[in-house]
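All chains, full assembly: derive it from the sequences and hints.
The primary structure of each chain is shown beneath.
There are 2 protein chains.
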Amino acid sequence: MAKEKLSVVKVGGNVIEDKDALASFLEGFSKLEGKKILVHGGGKRATHIASKLGIESNMINGRRVTDAETLEVITMVYGGLVNKNIVAQLQGLNTDAIGLTGADINSIASKKRPVKDIDYGFVGDVKKVNYKSIDKLMQADFTPVFCAITHDENGQLFNTNADTIASELAIGLSNLYKVELVYCFEKNGVLMEVDDDDSVIDFMDSGTYEILKHKGVFHDGMLPKLENCYHAISEGVSRVFIGNPTIISNKEQKFTTLFL
Amino acid sequence: MAKEKLSVVKVGGNVIEDKDALASFLEGFSKLEGKKILVHGGGKRATHIASKLGIESNMINGRRVTDAETLEVITMVYGGLVNKNIVAQLQGLNTDAIGLTGADINSIASKKRPVKDIDYGFVGDVKKVNYKSIDKLMQADFTPVFCAITHDENGQLFNTNADTIASELAIGLSNLYKVELVYCFEKNGVLMEVDDDDSVIDFMDSGTYEILKHKGVFHDGMLPKLENCYHAISEGVSRVFIGNPTIISNKEQKFTTLFL
Chain A
1 MAKEKLSVVK VGGNVIEDKD ALASFLEGFS KLEGKKILVH GGGKRATHIA SKLGIESNMI
61 NGRRVTDAET LEVITMVYGG LVNKNIVAQL QGLNTDAIGL TGADINSIAS KKRPVKDIDY
121 GFVGDVKKVN YKSIDKLMQA DFTPVFCAIT HDENGQLFNT NADTIASELA IGLSNLYKVE
181 LVYCFEKNGV LMEVDDDDSV IDFMDSGTYE ILKHKGVFHD GMLPKLENCY HAISEGVSRV
241 FIGNPTIISN KEQKFTTLFL
Chain B
1 MAKEKLSVVK VGGNVIEDKD ALASFLEGFS KLEGKKILVH GGGKRATHIA SKLGIESNMI
61 NGRRVTDAET LEVITMVYGG LVNKNIVAQL QGLNTDAIGL TGADINSIAS KKRPVKDIDY
121 GFVGDVKKVN YKSIDKLMQA DFTPVFCAIT HDENGQLFNT NADTIASELA IGLSNLYKVE
181 LVYCFEKNGV LMEVDDDDSV IDFMDSGTYE ILKHKGVFHD GMLPKLENCY HAISEGVSRV
241 FIGNPTIISN KEQKFTTLFL
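If you're matching them up, the sequences are chains A and B in order.
Start counting the first sequence at 1; every next residue gets the next number (this note's numbering).
Start counting the second sequence at 1; every next residue gets the next number (this note's numbering).
Careful, some of the hints might be misleading.
Treat identical chains as interchangeable: a pair holds within one or across any two.
[Said to hold, decoys possible] Listed below are the simulated DSSO-like cross-link pairs for lysine-lysine, each with C-alpha atoms no more than 30 Å apart in a straight line:
no., residue 1, residue 2
1, K178, K213
2, K132, K213
3, K225, K5
4, K19, K213
5, K35, K3
6, K128, K19
7, K178, K127
Just so you know, the hints here were simulated from the structure itself, not pulled from any lab data.
Below is the structure:
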């Protein structure tokens, strides 16, 4: 029997921060047909609020360390303020949303990132996606909305990368669905020339990706995203779309499709 | 057919604020048999964080007004920090919790409190409890954990009294269950003498309540709680227990039982 389609849509912080862009994106998301899951980043809101609360950002080698106070701010801002306002807005658009962290219904279990040279603090690497529990919500016609927080199954919350959460959810739910993973970000797609927003690569299979990667086409911010995407594809996700937030509603515009 | 039992347990801010008391309470809650729902207050955490963020409490006639900034703090603290940490702790105790505001699965719709003499801002009075949707979660063996936030079904979140949320949930779910409502607070029960913690009234029917109320036995903080409780009982809730947080696990201790 052919699997039913499921869209897992990740939307980034730049959209979250822009009230009008978010409203327009959520309207597009609410009209998306079939089963769907939203994963959102947090944007700079958490940094602003942490700074107002006098919590300093602790950066090591350019990467943020999540100490106990920072985790509290992330839980407040991503898990509360951002997530619940998105849920309320989706309800206003007749989408029966339910906001989740990985702790809720034990949906995403993680373990603390191992300390090698750097201790990232309360950062969790995904260990298990409880896709059967998540599917119970979808079978009840609820639309899950995930923020980028997971837990260790023993009472501890963790900060986890939102792109990773989206790809791990997509992989887990591939056991039950034909999953399409959609990454919405500030560019029109994967670009051949980083400064030319019209240089969108329309289609890219994993072989082409390896060649372009070794040619140095992709910049530092794009590489982990693409690694995430091809990891998802290699683990059973049917295809990945990358583009600006309007791609979920406007099929005529440019975007990148990744496949095996 | 006899209805299945459901416990709706409200725990107050004084427990939420005390790490050990909260851990002990959640252990008791996790062991409570049968279907159950937790409703939590927020404690003074929101006030502390609002003050750190430079948001002044706006009080009119001794009552807090929820302006837009205060609503943001409440959404962060109650909906994010407090709710998600409780969910994670319950997961660690093998209770498959799911954290909710009234916006999630449109579980509790409210409308802005009408402006008479005072405009309370973003304060919502409960309009409808969507007990069928909440029951879908319980049928999937999830344990709902509610914070004191509702929504207008059109994108706006509202601040709502946690005692009221507990009683409205209890009333709504009485359509499907034999509901026992449990209020955990700082006293051992309803007291005959406000300063004597041993003067717990064991049982009180609504007739006795009316008599004692007119005698002036109950102080200002207790009266709205009791009004809430008897309203719940008159609307179909089977009985209400009031006592300190240990009453959910220790049956030998004193508490008050309210009934019709």
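Which earlier hints can't be squared with this structure?
Violated hints: 2 and 4; rest satisfied.
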